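Enquirer: Each protein sequence line maps, in turn, to chains A and B.
If you count the first sequence from 1, position 16 lands on 16 in the numbering used here, and the numbers rise without skipping.
If you count the second sequence from 1, position 45 lands on 45 in the numbering used here, and the numbers rise without skipping.
Hints are computed from structural coordinates only; laboratory data are not their basis.
Heads up, a few of these hints could be off.
Across the chosen pairs, the derived CB separations fall in these ranges [to be verified]:
no.: 1; chain 1: B; residue 1: S53; chain 2: A; residue 2: T26; range: 42 to 52 Å
no.: 2; chain 1: A; residue 1: Q45; chain 2: B; residue 2: D18; range: 28 to 38 Å
no.: 3; chain 1: A; residue 1: E16; chain 2: B; residue 2: D63; range: 48 to 58 Å
no.: 4; chain 1: B; residue 1: R64; chain 2: A; residue 2: T106; range: 19 to 29 Å
In this text, all values refer to a predicted model and were calculated from it rather than measured experimentally.
Yeah, the Cβ is synthetic: ideal placement off N, Cα and C, and Gly gets one too.
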Amino acid sequence: GDSVTQMEGPVTLSEEAFLTINCTYTATGYPSLFWYVQYPGEGLQLLLKATKADDKGSNKGFEATYRKETTSFHLEKGSVQVSDSAVYFCALSDRTGGGNKLTFGTGTQLKVEL
Amino acid sequence: GAGVSQSPSNKVTEKGKDVELRCDPISGHTALYWYRQSLGQGLEFLIYFQGNSAPDKSGLPSDRFSAERTGGSVSTLTIQRTQQEDSAVYLCASSPKGDHGPQHFGDGTRLSIL
């Protein structure tokens, strides 16, 4: 079945540091890939998405590129801020089995300190 | 505009009781999903409704779990004879249709089984 693997947290960075959160996936078809973010006390929000190989999703300074050859969708940001502290979830949806259900990774907590 | 609305936001109940959780999706969204977020299992898909089609129930963990969607809008997730392992945050999401469009999540219902 489909699965998503992302790096364990928590990840602790200083403000303005470079961020990478690794995400790899296994899927039977041609999935769309997503990063969702959950800020403290808030619900899940879509951060960015990519629907086909080599697509780059970007939002709020975050980027991720859909790499079919390495089955990866790593999240990057050049300069993190304290306000980026949150839990980040990598996810895929695969229509092969019908529907559009999301398969999530376990989440990576990011803490950004001054 | 209004987002996905879930109620109650918190529910505490005794083991063995039945509970009903409600989700009001974004107006016009034909696809509705239920997920569960728990410490041990991360974010798991439970059930998916798309228009008038038969729901995808493949994620429901046992026959104590059921869900309905009336009139293509509001959905209710029912857990019968609750067990302590049912304690989790239950998330509802909706999207305009059952394709790879982004899902919009509610804030969830935090369910605690004593």
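Enquirer: So, for every hint listed, does it hold in this structure?
Expert: Here's how the hints hold up against the structure:
1. The supplied range of 42 to 52 Å is broken by S53 (chain B) and T26 (chain A), whose beta-carbon atoms lie about 27 Å from each other.
2. In this structure the supplied range 28 to 38 Å holds for Q45 (chain A) paired with D18 (chain B), their Cβ-Cβ distance being about 32 Å.
3. Distance hint check for E16 (chain A) and D63 (chain B): the Cβ-Cβ separation is about 52 Å, which falls inside the suggested range of 48 to 58 Å.
4. For the hinted restraint 19 to 29 Å between R64 (chain B) and T106 (chain A), the CB-CB distance of approximately 25 Å keeps it satisfied.
This entry does not satisfy hint 1, going by the numbered hints stated previously; all others are met.
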